[in-house]
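**Q** The primary structure of each chain is shown beneath.
There are 2 protein chains.
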Amino acid sequence: MSAPRAHATACVLSVGDELVLGQALDTNSMWISDRLLVLGVRPVEHATVPDDLGAQSDTLRAMARRCDLVIATGGLGPTKDDLTRHALAQAMGDVLVEDDESLTFLEGLERERERALTPERRAQALRPARSRALPNGFGTAPGLHGVIDGADVFCLPGPPREMRPMFEAHVTPAIRASPGSAVSTRVLRTYGLAEADAGALLSDLMERATDDSMVGTTASGGIVSVRLRATGADAVRTLDDLDALVRERLGSAVFGGEHETLATLAVLLLKERGERVGVAESCTGGLLGAAITAVPGSSAVYDGGYLTYADGAKTSVLGVDASLIERHGAVSEPVARAMARGVLASPIGARTDHALAVTGVAGPDGGTDEKPVGTVFIGYARRGGATEVRHFRIAGDRDDVRARSVTAALGMLTFALRGVEAPAKLLWEIRR
Amino acid sequence: MSAPRAHATACVLSVGDELVLGQALDTNSMWISDRLLVLGVRPVEHATVPDDLGAQSDTLRAMARRCDLVIATGGLGPTKDDLTRHALAQAMGDVLVEDDESLTFLEGLERERERALTPERRAQALRPARSRALPNGFGTAPGLHGVIDGADVFCLPGPPREMRPMFEAHVTPAIRASPGSAVSTRVLRTYGLAEADAGALLSDLMERATDDSMVGTTASGGIVSVRLRATGADAVRTLDDLDALVRERLGSAVFGGEHETLATLAVLLLKERGERVGVAESCTGGLLGAAITAVPGSSAVYDGGYLTYADGAKTSVLGVDASLIERHGAVSEPVARAMARGVLASPIGARTDHALAVTGVAGPDGGTDEKPVGTVFIGYARRGGATEVRHFRIAGDRDDVRARSVTAALGMLTFALRGVEAPAKLLWEIRR
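Protein chains in written order, with the numbering used here: chain A, 5 to 436; chain B, 5 to 436.
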């Protein structure tokens with residue numbers, strides 16, 4: 005017998021009617037792929053099939069032809085629709101036998117629960133003759149390990165709380181990653197540029213992608229994330245090089261790494277200065293305050309703010325001149341400015357150094373030709389400093405406009421706190 | 005040309021390196037499958053492949069051979085790694101051409117945003133010559149509809165907020181379900197009961213499930229949803245019968261249908277009365293105000309509120325007696341009561357009839373033996389009426405405690421506005 009081949013690539017299979025029919029969400033494939041990548045095996049496909057013998061065994065065979073390692077989850081339980089044992093046997097061209105250790109384990113389990121080992125439960129001791137059973141320390145169903153066309157196939161139970169420890173116990177130690185194949189990844193978070201603009205600035209790096217190194221972008225709610233990946237012995241150095249290139253190209257738009265958000269950065273920078281921020285919200289209705297206080301420890305830099313949704317509240321709570329609202333409208337540059345100054349002049353302003361104010365048309369109603377839905381003015385005031393107001397036109401529905409307004413507000417605050425120059429025109433900003 | 009065949013079965017394809025490598029979770033496949041099932045088409049497989057031309061086109065072809073309808077998401081954006089247009093062309097054996105309408109749309113979009121139409125963005129107007137482009141009302145990337153081996157293939161953008169409306173606009177009307185296969189579903193939303201308790205009250209209905217009819221529960225953030233499904237000619241009558249049984253069993257916990265939230269119900273009931281609510285938030289930090297203002301038209305029933313995160317803000321803004329905080333702690337029954345009364349006495353209270361106040365320990369720090377993380381007091385005050393305070397102990401991390409506190413607050417408000425009796429002990433409530 006030749007030496008077993010290295011595990012360069014893997015396929016991940018999820019089994020279950022409830023998954024294919026959209027009645028339950030598959031989170032196993034993501035978890036397994038993330039683990040495999042770190043272990044040096046590259047996931048190349050996920051598939052989800054119903055509790056169907058033919059579909060399961062066909063997919064197992066096809067996957068085994070395509071890659072070196074197959075991880076399947078689900079279909080190992082005691083009910084009639086659990087067919088993974090039979091499917092593996094069929095895909096291996098093997099017969100099912102009863103595994104002695106599994107049977108002993110199942111008998112013990114049922115004795116403990118003072119239940120009978122029914123034929124259905126006993127069927128969980130079956131395995132293809134040329135496979136081995138994998139003990140399950142967190143449930144009843146043993147897993148399976150077989151080989152099809154030289155590819156290792158692991159079948160694990162579907163419930164994540166059983167699957168994850170079994171993966172670590174049985175799959176992790178069995179991985180034969182190609183030497184130097186462990187993958188390192190890094191994520192840089194940016195704010196201020198559209199994804200297409202970031203992509204244009206990085207296009208040569210993105211095109212230069214090889215199996216060993218890669219630069220890619222994803223965007224969510226105004227945050228463009230640049231994902232770096234490198235493989236092999238030099239991975240960390242490659243990542244450092246890519247990291248430096250991306251920062252050079254994207255400039256001040258890069259604000260942090262994978263676990264950083266604009267809110268965590270704002271809280272961090274305020275803490276360093278021993279300063280505080282307060283908020284006044286109209287169209288965002290509380291989302292800005294919620295984003296700041298989502299950061300544990302934000303109480304060190306934040307006392308609170310004001311939800312001035314109605315025009316009258318802007319006047320009675322923040323002291324915005326009613327004639328200003330009458331002349332310019334509640335969604336306007338002067339009102340955003342007055343709201344931000346109003347926070348600094350309020351009771352909460354007593355020990356607050358920075359203030360953000362948001363007023364806009366979130367839709368679906370309330371838009372005009374001059375100020376369509378998505379028009380948002382954001383004011384940033386600083387004690388003893390000038391007040392800056394930016395005018396945005398944000399695409400999307402009510403939820404999008406509100407969530408993205410929060411991003412823009414925290415973007416303005418963090419550019420100010422970082423003391424770096426913002427891109428000439430922020431994402432969604434329009435010239436006055 | 006023969007009549008186009010019915011859509012009996014469907015395959016769902018998700019495209020993206022970030023998905024295959026386990027860096028992001030695919031929620032599109034579940035959503036699409038759930039919609040297809042309701043439309044009478046049976047999903048038979050999901051697959052996820054990387055941003056790779058060969059893998060994408062091979063999978064499209066294989067899926068088109070296997071079923072009548074293929075829904076693919078992702079890979080339509082403006083960056084180099086977006087290859088779905090090319091993959092569809094390759095799978096169709098077709099060439100790419102520029103779509104005039106898409107080009108006009110993209111040009112208009114960029115003009116509006118005062119940006120140039122870069123070659124990268126312009127590439128989004130490409131489509132296989134024998135396909136048609138599907139306008140995208142919520143983003144930049146048009147979708148595609150082509151035919152491979154007689155199977156309809158729809159390619160939609162990956163972001164759910166673009167994909168979902170495009171599915172409804174372009175896929176739903178194109179479905180040719182087999183006669184009698186359409187599935188009817190209904191969802192009842194409940195608040196106040198734990199899922200296990202709701203399940204126990206419905207257990208006989210849930211066990212009685214057949215291929216044609218089903219009752220199931222799902223829970224999210226304290227809202228337990230009861231899902232009803234029925235197939236065939238009598239589907240609507242079956243749903244009506246199940247609906248009545250569920251309401252009989254769960255009583256006042258049932259507050260609405262699929263598209264109802266506690267916030268939409270609160271806004272509706274307040275509008276009917278011509279009354280207004282105001283808020284004071286500590287641990288929720290703005291999430292309660294955000295939930296109310298997430299409802300379009302909420303300005304008719306809501307003027308605003310106060311984010312009193314620091315103890316000092318509770319005193320200076322809401323007039324909570326500092327000695328009360330000193331004696332009982334900021335997270336306490338008397339402080340929740342004083343915060344709620346404080347809203348009614350504030351400038352915003354001038355035309356506000358109901359007030360909600362939330363104060364709690366969201367964690368991860370700040371918990372004590374007496375008031376562990378998850379301890380939340382919610383006050384509900386009514387002009388000219390008594391003030392009710394409930395004491396909750398909410399499980400989960402910081403985000404969970406905050407989000408569930410909002411549910412509990414809106415739950416208290418809606419029980420009061422509906423004038424029905426709440427369950428003896430609300431979900432998460434602990435006896436004083």
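Heads up, a few of these hints could be off.
Copies of the same chain look alike in the list, so a pair counts if it works inside one copy or between any two.
Quick list of in silico lysine to aspartate or glutamate cross-link-like pairs, EDC-like style, CA-CA up to 16 Å [what the hints assert, rightly or not]:
{"#": "1", "residue 1": "K275", "residue 2": "D21"}
{"#": "2", "residue 1": "K84", "residue 2": "E199"}
{"#": "3", "residue 1": "K429", "residue 2": "E279"}
{"#": "4", "residue 1": "K375", "residue 2": "D98"}
{"#": "5", "residue 1": "K375", "residue 2": "D357"}
{"#": "6", "residue 1": "K375", "residue 2": "E116"}
{"#": "7", "residue 1": "K375", "residue 2": "D208"}
{"#": "8", "residue 1": "K84", "residue 2": "D201"}
{"#": "9", "residue 1": "K375", "residue 2": "E276"}
{"#": "10", "residue 1": "K429", "residue 2": "E114"}
{"#": "11", "residue 1": "K275", "residue 2": "D104"}
In short, the hints are calculated from the structure, not lab data.
In this text the structure is predicted, and so the values were computed from the model without any measurement.
**Q** Would you mind marking each hint as holding or not holding in the structure?
**A** Hints, one by one, checked against the model:
In this assembly of identical chains, K275 and D21 lie within 16 Å of each other by CA distance neither inside one copy nor across copies; the values are 48 Å within and 37 Å between. For the identical chains of this complex, K84 and E199 are inter-copy neighbours only, at 12 Å across copies versus 46 Å inside a copy, given an alpha-carbon limit of 16 Å. Taking the shortest Cα distances, K429 and E279 never come within 16 Å of each other, neither inside one copy (27 Å) nor across copies (43 Å). Neither within a single protomer nor between protomers do K375 and D98 lie at most 16 Å apart by alpha-carbon distance, with minima of 66 Å and 44 Å respectively.
In this assembly of identical chains, the alpha carbons of K375 and D357 never lie at most 16 Å apart, being 31 Å within a copy and 32 Å across copies at closest. For the identical chains of this complex, K375 and E116 are inter-copy neighbours only, at 13 Å across copies versus 53 Å inside a copy, given an alpha-carbon limit of 16 Å. For the homomeric pair K375 and D208, neither the shortest alpha-carbon distance inside one copy (39 Å) nor that between copies (55 Å) is at most 16 Å. Taking the shortest Cα distances, K84 and D201 sit within 16 Å of each other only across copies (12 Å), while inside one copy they are farther apart (51 Å).
In this homomeric assembly, K375 and E276 never come within 16 Å of each other (Cα to Cα): the closest approach is 39 Å inside a single copy and 30 Å across copies. Taking the shortest alpha-carbon separations for K429 and E114, only the inter-copy value of 14 Å comes in at or below 16 Å, while the best intra-copy value is 55 Å. When the C-alpha separation of K275 and D104 is checked against a cutoff of 16 Å, the pair qualifies neither within a copy, at 47 Å, nor between copies, at 53 Å.
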